[in-house]
Amino acid sequence: MHESVDDWSGDYDIFDPKYIENPYPIWQELRVSCPVPHTQRWGGSHMTTTNEDTRKIAKMVDVFSSINPLVVSSDVPVTFDTDTYGVGAPPISTDPPQHGPARRLILPALSPQAVIGYRPFTEQICRSLVTEMGDASYADAAEQYAQQIPPRVIAHILGVDLDDADQFIAWVRDVLEQGKGDVSKRLDAGLAIRMYFAEQVKLKRQSLGSDMVSQILSGDLDGTPVTDPHAIATCVLLLIAGIDTTWSSIGSAIWHLATYPDDQARLRQNRDLLPVAIEEFLRAYSPVTMARLVLKPIRYNGVDFVPGDKLLLNFPAANRDPLAFEDPESVQIDRRDNRHIAFGIGIHRCAGSNLARMEMETSLRILLEMMPPFTLDPRRSVTWGGGQVRGPRNLPLRFSD
Amino acid sequence: MKVKVDPTMCMGHARCVSLAPALFESDELGNAVVIGDGSVNSKWEEAVKLAVANCPEYAISMIE
Ligand code: HEM
Ligand code: SF4
Numbered sequence: 005m006h007e008s009v010d011d012w013s014g015d016y017d018i019f020d021p022k023y024i025e026n027p028y029p030i031w032q033e034l035r036v037s038c039p040v041p042h043t044q045r046w047g048g049s050h051m052t053t054t055n056e057d058t059r060k061i062a063k064m065v066d067v068f069s070s071i072n073p074l075v076v077s078s079d080v081p082v083t084f085d086t087d088t089y090g091v092g093a094p095p096i097s098t099d100p101p102q103h104g105p106a107r108r109l110i111l112p113a114l115s116p117q118a119v120i121g122y123r124p125f126t127e128q129i130c131r132s133l134v135t136e137m138g139d140a141s142y143a144d145a146a147e148q149y150a151q152q153i154p155p156r157v158i159a160h161i162l163g164v165d166l167d168d169a170d171q172f173i174a175w176v177r178d179v180l181e182q183g184k185g186d187v188s189k190r191l192d193a194g195l196a197i198r199m200y201f202a203e204q205v206k207l208k209r210q211s212l213g214s215d216m217v218s219q220i221l222s223g224d225l226d227g228t229p230v231t232d233p234h235a236i237a238t239c240v241l242l243l244i245a246g247i248d249t250t251w252s253s254i255g256s257a258i259w260h261l262a263t264y265p266d267d268q269a270r271l272r273q274n275r276d277l278l279p280v281a282i283e284e285f286l287r288a289y290s291p292v293t294m295a296r297l298v299l300k301p302i303r304y305n306g307v308d309f310v311p312g313d314k315l316l317l318n319f320p321a322a323n324r325d326p327l328a329f330e331d332p333e334s335v336q337i338d339r340r341d342n343r344h345i346a347f348g349i350g351i352h353r354c355a356g357s358n359l360a361r362m363e364m365e366t367s368l369r370i371l372l373e374m375m376p377p378f379t380l381d382p383r384r385s386v387t388w389g390g391g392q393v394r395g396p397r398n399l400p401l402r403f404s405d
Numbered sequence: 003m004k005v006k007v008d009p010t011m012c013m014g015h016a017r018c019v020s021l022a023p024a025l026f027e028s029d030e031l032g033n034a035v036v037i038g039d040g041s042v043n044s045k046w047e048e049a050v051k052l053a054v055a056n057c058p059e060y061a062i063s064m065i066e
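In the order they appear, the protein sequences are chains A and B.
Sequential numbering of the first sequence, starting at 5, is according to our numbering.
Sequential numbering of the second sequence, starting at 3, is according to our numbering.
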């Protein structure tokens with residue numbers, strides 16, 4: 005059972021229901037009283053709460069390593085054959101010098117120019133999902149809309165069967181949202197994703213196409229051909245990194261619009277403001293917290309870290325630090341100066357950030373275009389998921405007629 | 003006034019490319035490249051200031 009938290013500075017719990025639902029006051033207090041708090045829970049960790057610490061530590065890649073970036077690591081040994089299925093999830097789970105080549109392999113297919121090409125497909129998916137949601141007897145914008153978009157878009161980009169998208173959702177939730185209980189479920193899902201891509205890689209090797217899996221297979225790591233295990237591990241990451249995250253951001257943005265009708269009305273009148281509003285939603289409701297593993301002893305901001313310690317890079321808290329943002333607790337959809345770091349900072353900057361922004365822009369624009377004004381449906385409740393990735397998991401809406 | 007991107011600091015967030023497309027474009031990896039010699043005419047001054055203020059990596063600078 006969950007043990008409630010009395011002391012956030014020495015015993016925090018990122019899976020605490022209160023933290024998942026409303027972490028903002030907790031960060032506010034910690035920034036002043038104990039900016040790098042500690043906990044023994046979930047294997048033990050420290051976490052950042054200020055913008056400066058998050059930025060600095062993200063750049064100290066030789067001390068704070070990315071080899072295990074999950075906020076809750078499993079103590080259970082790897083259960084799959086790494087020679088076949090690959091190791092980790094490059095580039096996110098690598099440090100220099102392996103990181104650069106693994107990252108450059110995937111960047112071209114996710115560049116701003118490449119992402120323009122995925123827009124028509126994304127629009128088509130969003131339109132048909134909105135139509136379906138509009139016809140249903142009740143609308144859950146998390147389950148019926150936000151959640152459905154990223155898995156289909158990534159399936160399209162990777163060049164795999166769109167019908168597999170529902171399976172992707174289930175796997176990714178098992179990997180990223182099972183923080184607390186079920187380690188075996190998480191391992192099973194992780195292995196299932198690897199086996200799925202092992203099969204895809206085998207198929208694509210036989211006849212390369214123009215999809216992203218084929219691009220990875222025909223690419224190179226600074227001159228060295230890409231092996232199947234490397235390609236498989238990279239695909240595993242593209243699936244895991246792009247689904248929960250983007251769906252959470254789309255969901256949080258819709259939650260905001262449903263909760264603040266004035267902002268919704270303003271965006272309906274002025275669509276040009278949408279890209280600015282999206283950056284503000286990314287800042288104020290940043291979904292992703294990442295972890296680092298300490299490799300060398302270091303004293304940082306009053307904490308003595310020793311090798312093996314875990315540190316959480318709290319991008320969401322960094323984006324609400326009053327030293328970095330004016331009036332950070334107020335969500336202003338016309339905030340023009342917005343140096344947020346929702347996509348991380350430094351060498352691991354989200355490789356999918358151009359894609360995620362396009363998915364957010366497309367999905368919100370089409371929802372606003374096709375549907376009348378909406379509010380939260382008071383007959384049902386909003387639920388939030390959190391831990392590594394925070395966002396609404398149920399978002400019941402009521403549309404005005 | 004001219005604008006400059008420090009390629010060792012740019013990590014390809016592409017904020018500049020969306021805020022001031024007349025002055026920045028992305029290379030094949032998504033990192034920013036200044037268009038032409040980076041001269042900023044008064045029409046684009048506001049947009050360039052926004053790019054500077056939104057670049058998460060502090061990679062953009064303006065020289066008078
Ligand atoms: C709004 C949605 C998203 C958010 C907030 C987000 C956030 C992040 C963050 C914070 C990181 C940095 C990780 C670290 O420092 O350890 C990251 C890395 C990454 N993300 Fe995203 N992400 C999103 C969507 C996507 C999408 C759609 C993809 C595409 C498939 C993607 C692929 C990646 C990859 C490949 C990395 C690793 C980059 C590297 O290690 O060099 N992400 N993401
Ligand atoms: S906003 Fe900054 S980091 Fe991003 S592409 Fe432009 S210069 Fe590079």
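There could be a bad hint or two in this list.
Stated by the list, open to error - Here are a few chain A residues that face chain B, going by a calculated C-beta distance under 10 angstroms:
1. Thr-88
2. Gly-92
3. Arg-108
4. Gln-117
5. Asp-341
6. Ser-357
Unchecked claim - Simulated coverage check for chain B against chain A, where a stretch passes if three residues somewhere in it have a Cβ under 8 angstroms from a Cβ of chain A:
7. 8 to 18
8. 30 to 43
9. 46 to 57
Think of the hints as simulated: they come from the structure by calculation, not from any bench.
For glycine and all other residues, C-beta sits at the position ideal for the given N, C-alpha and C.
How the hints compare with the structure:
1. Thr-88: violated, 30 angstroms
2. Gly-92: With a minimum Cβ separation of about 21 angstroms from chain B (threshold 10 angstroms), the hint on Gly-92(A) is violated.
3. Arg-108: holds, 6 angstroms
4. Gln-117: holds, 6 angstroms
5. Asp-341: Holds: closest Cβ of chain B sits about 4 angstroms from Asp-341(A), inside 10 angstroms.
6. Ser-357: holds, 6 angstroms
7. 8 to 18: holds (count 4)
8. 30 to 43: holds (count 3)
9. 46 to 57: Since three or more residues must qualify, the claim that chain A covers the region 46 to 57 of chain B holds, with 4 doing so at under 8 angstroms.
Consistency note: the structure conflicts with the earlier hints numbered 1, 2.
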